[in-house]
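2 protein chains.
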Amino acid sequence: MSVLVVGTVAFDSIETPFGSAERILGGSASYFALAASFFTPVRIVGVIGQDFPEEHLDLFSQRGIDLEGIKRERGDTFHWRGRYHEDINVRDTLELHLNVLSGFVPQLPDRYRDAEYVFLGNIDPVMQMEVLNQIRRMRLVVCDTMDHWIRESSTELSKVLQRIEMLVINDSEARLLSGYNNIVRAARAILKMGPKVVLIKRGEYGVLQFSDSSVFATPAYPLEEVFDPTGAGDSFAGGFLGQLARSGDQSQRGIRRAIVYGCVVASFTVEDFGVKRLTTASLPEIEERYQRFVQLTDFHT
Amino acid sequence: MSVLVVGTVAFDSIETPFGSAERILGGSASYFALAASFFTPVRIVGVIGQDFPEEHLDLFSQRGIDLEGIKRERGDTFHWRGRYHEDINVRDTLELHLNVLSGFVPQLPDRYRDAEYVFLGNIDPVMQMEVLNQIRRMRLVVCDTMDHWIRESSTELSKVLQRIEMLVINDSEARLLSGYNNIVRAARAILKMGPKVVLIKRGEYGVLQFSDSSVFATPAYPLEEVFDPTGAGDSFAGGFLGQLARSGDQSQRGIRRAIVYGCVVASFTVEDFGVKRLTTASLPEIEERYQRFVQLTDFHT
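First to last, the sequence lines map onto chains A and B. If you count the first sequence from 1, position 60 lands on 60 in this note's numbering, and the numbers rise without skipping. So the mapping is simple: this note's numbering equals the position in the second sequence, first residue as 1, plus 1000.
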């Protein structure tokens, strides 16, 4: 079962305490697609500029990622520059050039419109809604957002929230969206806005999942080296939705296991700069770390 | 199997965003003892002043806590005043009056000296060593410490670390003690200092346990109301060691389950001011929440 992702395909320039990288492949759709592609076929909808190199497109193709939905426009590709602090959980955005992303209106190729699993990456809610309106059939829509859209586009975002099944959001965004400081209250308030399931990402501390009938909490996979946290959240979402599509199991048990797969894939991403580790990891490695994760957290058996 | 705790018995004056409390019962030994007393008999070693009311001693006695090791000295009881921020994970110490605690030398009653389970609460490492030297027989020593002793008494602390089995410490203290920012590296470095097991408390994010052969990670129990986090760490330690003493099971499985019991007891503590919730909770309530914790975290079965 294939997964459709709409989001950014970008250049990232990154400084961490351990090194720096200039204009490497980034963007929410890139991380999501590479992460999900371990589990299931992926289709990307996004926009790139004339400066976007063929080698990145080749990388996607080699992973079986369908690129018909990627549009190349006149101009430069979206470019983000950020710096991580000594405390790697804190980062500053130094530059943000929307370039071809400004004014982008997603256009789904006709054969994308029967999309059973959809991930609306962190882009303007107006674009997210545009994608929803173009899809004929959907089984599960998972959505991400960020502080900027919560502050500046709350009306549009609230319409999107009413049409999705699951929201993936980090803890500070959940607080901002709900107005509650306590994360359990925040999640409960967000459930009333539309989504049936809220997944709260807490970085190195793991993930909380809330629905009306169930709460699930998992730690993250503890790593001795966190090289570059960029894309961890989108890798989580890709691993999560990829596994859900692979298993077809949307029971609470299936969702919980998919969350753990998401954490496992994200743990690979942060081990190297940008998408690098996602391109060297293998499904057997992922399955092995999943088993370690089982051992890491098990007091049940 | 009884548990011996040495630590502070104190007055706390606390302000949180939800209210304030003046000169209520506090101190590491108080929280630890009440928490552990759900599971096993407890003996306290500590010092109080002439101003310490009988009603607090009665409370301990009602819970079967042995008070022969509590010494009443001329002067006032140790008093801490603190204020929690809107973000309840952050607090400032406003006042700290050692009073009778300064110059205190723990003296174990003779019948305490065959202590199988020992908790060295967060006090001067010189006092912790004094206790160790007075004990004839011990099966398991668990120790806590804090930034002040790591900075000011590192030589004494390192001697204590060589004589204990388990260190319970929060994440920022682990970073300070080890010199590593990454928490996995920090824990590995601390294991080299003596303890066989390092338990890293991460507040609302849960606990990590490291030994040479095993890593265990658990989230905390998610709560809709965190009223007052004071004493959560000592309650965790009390629930943990109390359960270990009750079960007698120091296998990795037994340790993991005890960690979860510790998290459960701490989740009660923070639901009300001071030790209040520890005095109204019951063992059946604790067992019920333990079962909820199993469901909360289970993707294994």
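No lab work stands behind these hints, which were simulated from the structure alone. Treat each hint with caution, since some may be false.
Take a look, some chain A residues computed to stay more than 10 angstroms from chain B by CB distance [to be verified]: (1) P41; (2) L59; (3) R63; (4) E68; (5) D114; (6) R163; (7) N181; (8) E204; (9) S282.
Footprint (simulated), chain A over chain B, 3 or more residues, beta carbon under 8 angstroms [to be verified]: (10) 1007-1016; (11) 1025-1031; (12) 1100-1113; (13) 1169-1179; (14) 1203-1209; (15) 1222-1234.
Partner residues aside, some chain A positions facing chain B, computed with beta carbon under 7 angstroms [unchecked claim]: (16) S213; (17) V215; (18) R257; (19) V260.
In this text, a Cβ means the ideal position worked out from N, Cα and C, and glycines have one as well.
A quick look at each hint next to the structure:
Separation of A:P41 from chain B is adequate, the least Cβ-Cβ distance of about 25 angstroms exceeding the 10 angstroms criterion. The Cβ of A:L59 lies farther than 10 angstroms from every Cβ of chain B, with a closest approach of about 29 angstroms, so its non-interface assignment holds. Taking the minimum C-beta to C-beta distance to chain B, about 27 angstroms, the non-interface status of A:R63 holds against the 10 angstroms cut. The Cβ of A:E68 lies farther than 10 angstroms from every Cβ of chain B, with a closest approach of about 36 angstroms, so its non-interface assignment holds.
At roughly 31 angstroms from the closest C-beta of chain B, the C-beta of A:D114 stays outside 10 angstroms, upholding its exclusion from the interface. No beta-carbon of chain B comes within 10 angstroms of the beta-carbon of A:R163; the shortest separation is about 27 angstroms. With a cut of 10 angstroms on Cβ distances, A:N181 falls inside the contact zone with chain B, its closest approach being about 7 angstroms. Remark: the non-interface label on A:E204 conflicts with the geometry, its nearest Cβ contact in chain B lying 8 angstroms away (cut-off 10 angstroms).
Remark: the non-interface label on A:S282 is consistent with the geometry, its nearest Cβ contact in chain B lying 23 angstroms away (cut-off 10 angstroms). Given a C-beta distance limit of less than 8 angstroms, the hint that chain A covers the stretch 1007-1016 of chain B is violated, as 0 residues qualify and 3 are needed. For the stretch 1025-1031 of chain B, the stated coverage by chain A is violated: 0 residues have a C-beta nearer than 8 angstroms to a C-beta of that chain, whereas at least 3 were required. Coverage of the stretch 1100-1113 of chain B by chain A is violated [criterion: at least 3 residues with CB-CB distance below 8 angstroms; count 0].
Counting residues of the stretch 1169-1179 of chain B whose CB falls under 8 angstroms from any CB of chain A gives 0; the rule of at least 3 is not met. Evaluation of the coverage hint for the stretch 1203-1209 of chain B: fulfilled, as 4 residues show C-beta separations to chain A shorter than 8 angstroms, against a requirement of three. For a cut-off of 8 angstroms, the count of residues in the stretch 1222-1234 of chain B with a CB near a CB of chain A stands at 5, and the three-residue condition holds. Proximity of A:S213 to chain B is violated relative to the hint, the smallest CB-CB distance being about 11 angstroms (cut-off 7 angstroms).
A distance limit of 7 angstroms between C-beta atoms decides the matter here; for A:V215 the minimum to chain B is near 6 angstroms, and the interface restraint holds. For A:R257, the interface hint holds, the least distance from its beta-carbon to any beta-carbon of chain B being 5 angstroms, beneath 7 angstroms. Below 7 angstroms, beta-carbon pairs count as interface contacts, and A:V260 has one with chain B at about 6 angstroms; its hint therefore holds.
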